[in-house]
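> Read off the chains here:
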Amino acid sequence: MLKTRIIPCLDVADGRVVKGVNFVDLIDAGDPVESARAYDLAGADELCFLDIHATHENRGTMYDLATRTAEQCFMPLTIGGGVRTPDDVRDLLLAGADKVSFNSAAVADPDVIARSADRFGSQCIVCAIDAKTTEWDEDGTPVKWTIFTHGGRKAALDAEGNPIDAVEFAKLIERKGAGEILLTSMDRDGTRAGFNLAMTRTIADAVNIPVIASGGVGTLDHLVEGVTEGHASAVLAASIFHFGDYTIQEAKEYMAAKGIPMRLN
Amino acid sequence: MLTALVDYNSGNLHSAHKAFERMARERGAGTIVVTSEPDVVAKADRIVLPGDGAFPACKNHLFTYSGLFEAIEEAVVQKGRPFMGICIGMQMMASWGREYEDTTGFDWIPGEVVKITPSDPALKVPHMGWNDLVVDHPHPVLDGVDSGDHAYFVHSYHFKVTNPVHRLAHVDYAGDITAIVGRDNMIGCQFHPEKSQRAGLRIVSNFLGWVP
Numbered sequence: 006m007l008k009t010r011i012i013p014c015l016d017v018a019d020g021r022v023v024k025g026v027n028f029v030d031l032i033d034a035g036d037p038v039e040s041a042r043a044y045d046l047a048g049a050d051e052l053c054f055l056d057i058h059a060t061h062e063n064r065g066t067m068y069d070l071a072t073r074t075a076e077q078c079f080m081p082l083t084i085g086g087g088v089r090t091p092d093d094v095r096d097l098l099l100a101g102a103d104k105v106s107f108n109s110a111a112v113a114d115p116d117v118i119a120r121s122a123d124r125f126g127s128q129c130i131v132c133a134i135d136a137k138t139t140e141w142d143e144d145g146t147p148v149k150w151t152i153f154t155h156g157g158r159k160a161a162l163d164a165e166g167n168p169i170d171a172v173e174f175a176k177l178i179e180r181k182g183a184g185e186i187l188l189t190s191m192d193r194d195g196t197r198a199g200f201n202l203a204m205t206r207t208i209a210d211a212v213n214i215p216v217i218a219s220g221g222v223g224t225l226d227h228l229v230e231g232v233t234e235g236h237a238s239a240v241l242a243a244s245i246f247h248f249g250d251y252t253i254q255e256a257k258e259y260m261a262a263k264g265i266p267m268r269l270n
Numbered sequence: 228m229l230t231a232l233v234d235y236n237s238g239n240l241h242s243a244h245k246a247f248e249r250m251a252r253e254r255g256a257g258t259i260v261v262t263s264e265p266d267v268v269a270k271a272d273r274i275v276l277p278g279d280g281a282f283p284a285c286k287n288h289l290f291t292y293s294g295l296f297e298a299i300e301e302a303v304v305q306k307g308r309p310f311m312g313i314c315i316g317m318q319m320m321a322s323w324g325r326e327y328e329d330t331t332g333f334d335w336i337p338g339e340v341v342k343i344t345p346s347d348p349a350l351k352v353p354h355m356g357w358n359d360l361v362v363d364h365p366h367p368v369l370d371g372v373d374s375g376d377h378a379y380f381v382h383s384y385h386f387k388v389t390n391p392v393h394r395l396a397h398v399d400y401a402g403d404i405t406a407i408v409g410r411d412n413m414i415g416c417q418f419h420p421e422k423s424q425r426a427g428l429r430i431v432s433n434f435l436g437w438v439p
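Chains A and B supply the protein sequences, listed in that same order. So that you can map any letter, position 102 of the first sequence is 107 in the working numbering, and since no number is skipped, the others follow by simple counting. So that you can map any letter, position 171 of the second sequence is 398 in the working numbering, and since no number is skipped, the others follow by simple counting.
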């Protein structure tokens with residue numbers, strides 16, 4: 006049976022981990038490769054590096070990180086942040102990434118997903134979608150989610166100047182050939198209040214590619230809900246693992262005890 | 228001893244290269260070389276064919292390298308050198324690929340590569356993530372790998388073998404998905420051993436010591 010994945014995400018700037026990674030056995034907690042190795046040993050199912058500055062001058066640092074990580078961690082590695090063109094995908098794959106995540110470049114031009122998937126296969130093309138709830142019905146149930154950029158401050162607009170509906174956009178990039186969606190709720194990110202479950206479920210049910218739930222995890226129950234109520238295929242979290250609140254193994258055992266198929270060996 | 232990892236411009240060889248290199252070092256199994264040269268393939272003791280993307284594209288890429296497939300075929304079929312296909316490299320061992328269009332494979336193992344259609348429509352395609360292997364037939368390359376061990380998959384098509392004896396392992400995804408095929412000196416993994424941590428590295432190591 007296919008298992009639900011737990012994916013720790015490391016925010017990287019200038020080759021260093023931005024949020025703390027609190028493992029006792031780390032020699033250099035700021036070195037993403039050291040952290041990756043620790044997560045590999047801890048049983049993470051995949052790893053994600055997000056280059057949060059992603060300036061052109063910093064790309065070399067990210068390639069070097071991908072290469073060094075792939076030499077030591079024999080598990081899937083996704084890299085995102087500042088990916089604009091199919092050539093960027095190629096450079097990251099050659100450096101050692103297994104999947105590459107588009108974000109704002111795909112909002113600006115969804116065809117970049119198609120051009121990349123045609124060249125490298127859908128299996129390595131992830132599309133990150135950052136969205137938040139913008140409409141509720143009279144009962145207060147969220148009914149509409151819109152794509153935001155710039156850390157949730159700015160609504161993304163289509164060519165006609167209209168807000169972009171997250172569900173329609175998810176279906177569009179699936180048609181373009183994305184292999185997976187990394188869905189972050191900007192209204193929950195950093196709050197530790199749990200995933201935006203209504204949005205996650207609506208999008209996961211609307212597409213036939215896997216959806217990774219992200220943004221807002223504060224407890225192990227949040228991880229469980231992301232799967233049981235959000236219908237996500239994988240859950241991504243940063244803080245609860247980096248700051249040592251829970252280990253990957255604790256999270257997996259907890260989810261397994263709640264009836265979610267997990268890889269425990 | 229020389230193991231050739233065939234580079235035909237199809238996908239990420241870096242992690243496969245590093246995984247094979249590490250296991251070759253651990254068991255003293257010689258050198259791993261990444262190559263597109265028919266001459267190098269011809270003198271290699273073992274051959275690994277990876278591949279990511281679509282079946283027809285991979286096959287086209289492979290055949291743009293003049294003499295490369297002929298060198299692989301001579302080494303594997305005529306000379307019986309150990310061969311491992313990974314992902315699309317495994318799928319191309321089939322008679323036919325049905326992705327986008329009907330494409331002939333190497334026809335080394337009878338069968339066809341068809342779209343995954345889980346009986347539960349709620350299940351996603353691609354089949355992406357960790358799934359537990361069910362070993363159908365023991366094999367020296369699977370030594371130390373048991374049913375229940377996990378491997379990392381990412382694919383939308385899978386290899387339906389004509390003769391069940393050629394399916395060495397499968398996984399369950401609301402129906403059987405072929406995980407490992409093999410016959411004689413050939414083995415193929417649908418999953419990525421280089422991404423499958425313990426079980427994957429064990430398979431790589433076993434392959435490097437395999438004497439069919």
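One should not assume that every hint holds.
To be verified - Simulated pairs of lysine-lysine, BS3-like, Cα-Cα distance not exceeding 27 angstroms:
#1 Lys149(A) <-> Lys24(A)
#2 Lys149(A) <-> Lys176(A)
#3 Lys181(A) <-> Lys342(B)
#4 Lys176(A) <-> Lys306(B)
#5 Lys387(B) <-> Lys342(B)
To be verified - If you want the footprint, here are the derived chain B segments under chain A, 3+ residues with CB under 8 angstroms:
#6 236-243
#7 353-366
In short, the hints are calculated from the structure, not lab data. Glycine residues also receive a C-beta, built at the ideal position from the N, C-alpha and C atoms.
> Against each hint, give a clear statement of whether it holds in the structure.
Hint-by-hint comparison with the structure:
1. Lys149(A) <-> Lys24(A): 31 angstroms, violated
2. Lys149(A) <-> Lys176(A): The hint holds at about 15 angstroms.
3. Lys181(A) <-> Lys342(B): 18 angstroms, holds
4. Lys176(A) <-> Lys306(B): 49 angstroms, violated
5. Lys387(B) <-> Lys342(B): 10 angstroms, holds
6. 236-243: holds (count 4)
7. 353-366: holds (count 7)
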